[in-house]
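Visitor: Here the protein sequences line up with chains A and B, keeping their order. Residues in the first sequence are numbered from 1 upward in steps of one, following our numbering. Residues in the second sequence are numbered from 1 upward in steps of one, following our numbering.
For the record, the hints were derived by calculation from the structure and aren't laboratory data. Careful, some of the hints might be misleading.
[Said to hold, decoys possible] As a list, the in silico SDA-like pairs of lysine to any residue whose alpha-carbon atoms are at most 20 Å apart:
id, chain 1, residue 1, chain 2, residue 2
1, A, K100, B, S59
2, B, K18, B, S86
3, A, K95, B, T103
4, B, K41, A, S7
5, B, K38, A, F39
6, A, K100, B, M46
7, A, K100, B, T103
8, A, K42, B, K22
9, A, K100, B, C68
10, B, K22, B, A87
11, B, K41, A, A45
12, A, K42, B, L11
13, A, K42, B, T7
14, B, K41, A, L47
15, B, K38, A, Q37
16, A, K100, B, L54
17, A, K42, B, R111
18, B, K38, A, T87
19, A, K100, B, L88
20, A, K42, B, S86
21, B, K22, A, G41
22, B, K38, A, A45
23, B, K40, A, P8
24, A, K42, B, E44
25, B, K19, B, S65
26, A, K95, B, R30
27, B, K9, A, G41
28, B, K40, A, G41
[Said to hold, decoys possible] In silico negatives: residues of chain B with every beta carbon more than 10 Å from chain A:
id, residue
29, T7
30, H26
31, P61
32, E67
Only a predicted model underlies this, so the values are computations on that prediction, with no experimental measurement involved. Where a beta carbon is used, it is the ideal one built from N, C-alpha and C, also for glycine.
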Amino acid sequence: QQQVKQSPQSLIVQKGGISIINCAYENTAFDYFPWYQQFPGKGPALLIAIRPDVSEKKEGRFTISFNKSAKQFSLHIMDSQPGDSATYFCAATHKAAGNKLTFGGGTRVLVKP
Amino acid sequence: DTEVTQTPKHLVMGMTNKKSLKCEQHMGHRAMYWYKQKAKKPPELMFVYSYEKLSINESVPSRFSPECPNSSLLNLHLHALQPEDSALYLCASSQSSGGVQETQYFGPGTRLLVL
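Looking at chain B on its own, in the form it has when it is part of the complex:
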């Protein structure tokens, strides 16, 4: 099973709301990623977790807060977002983050709209 699942599929939130995006994989992968993708643009890396520890934060604003409760789950907590944060948020996983040539498996994404 090479599936990464994400919930919800769609999310609409106001600028004062707090919401969370969830990601799950059961492939035994030890690296998990959050990406942000704007329309007609490539994915932009936000965070990398390796063995449940945050290993890369691409200078993401603090209104995005990642969490890795266990090796299968990855959350992205959202608070006080701006309309420009509207995008497709993708989760991905790979066997680990330290080796090259490790395929990243992407989920279908959560389409977020901030009003």
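Isolated chain A, as found in the complex:
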């Protein structure tokens, strides 16, 4: 019930292309869905987040799409740049969880010049 499934595990995209990462969840109590970006040797950093009452959120080149009925959400990285090469984690939490994050398995993105 607490699981968040993330795909793909890894992704290679050409510079300027679109990176798409998908996540699916089971627990309908989840009501906050953040995405974290982690570079090698660094801690995760919040990239963008969405609530289920919104179907899409865009911040610069990063867009989250949310499908509440399908219990799925995805991250789109437009015009991917080599500096976007990192591991991306989706996550989910809900009020009763006290801000405890349930993470997806992660996606390693490599953007080739």
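Position chain B relative to chain A; hints supplied.
Guide: Leaving out everything else, chain B in the frame of chain A:
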């Protein structure tokens, strides 16, 4: 300043050693977290402190002992660790732990190797 600092950056210890990891934040946050991260895996929550009190212990073995001396500091005391405890230990903080949509700010982590 949205920085969480952790020391040391790297630590090598034997199974009989006692060591401590330190974490500090000056953002006025009242919730602090310890996570363990294995290679190519997501962070796993270990402990949560809320207003300097331990609020969540994710059934972590007693060889890991957290301490929150004040609202800015978080320690993780290590004793009699096993090689499988080798990992990146991440500290994080947030405004509080009771509300949703509160960003957790992570430190760079301490890379621990247990021999």
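Visitor: Evaluate each hint against the coordinates.
Guide: Against the structure, the hints:
1. A:K100 <-> B:S59: 14 Å, holds
2. B:K18 <-> B:S86: 14 Å, holds
3. A:K95 <-> B:T103: 14 Å, holds
4. B:K41 <-> A:S7: 13 Å, holds
5. B:K38 <-> A:F39: 14 Å, holds
6. A:K100 <-> B:M46: Roughly 10 Å separates the two Cα atoms, so the pair holds.
7. A:K100 <-> B:T103: Status holds; Cα separation ~11 Å.
8. A:K42 <-> B:K22: 16 Å, holds
9. A:K100 <-> B:C68: 18 Å, holds
10. B:K22 <-> B:A87: 15 Å, holds
11. B:K41 <-> A:A45: Between B:K41 and A:A45 the Cα gap is close to 15 Å, so the pair holds against 20 Å.
12. A:K42 <-> B:L11: 16 Å, holds
13. A:K42 <-> B:T7: Given that 20 Å is the threshold and the Cα spacing comes to 13 Å, the pair holds.
14. B:K41 <-> A:L47: At roughly 18 Å apart (the allowed maximum being 20 Å), A:L47 and B:K41 satisfy the hint.
15. B:K38 <-> A:Q37: Judged against 20 Å, a Cα distance of about 16 Å means the pair holds.
16. A:K100 <-> B:L54: 14 Å, holds
17. A:K42 <-> B:R111: Answer holds: A:K42 to B:R111 is near 10 Å, not above 20 Å.
18. B:K38 <-> A:T87: 13 Å, holds
19. A:K100 <-> B:L88: Holds, at about 19 Å.
20. A:K42 <-> B:S86: 17 Å, holds
21. B:K22 <-> A:G41: Holds. B:K22 to A:G41 sits at ~17 Å (cutoff 20 Å).
22. B:K38 <-> A:A45: Holds, at about 17 Å.
23. B:K40 <-> A:P8: The hint holds at about 13 Å.
24. A:K42 <-> B:E44: 16 Å, holds
25. B:K19 <-> B:S65: It holds: about 11 Å lies between the C-alpha atoms, which stays within 20 Å.
26. A:K95 <-> B:R30: 17 Å, holds
27. B:K9 <-> A:G41: 10 Å, holds
28. B:K40 <-> A:G41: Roughly 12 Å separates the two Cα atoms, so the pair holds.
29. T7: 14 Å, holds
30. H26: 16 Å, holds
31. P61: 19 Å, holds
32. E67: Given that every Cβ of chain A is farther than 10 Å from that of B:E67, nearest at about 20 Å, it holds.
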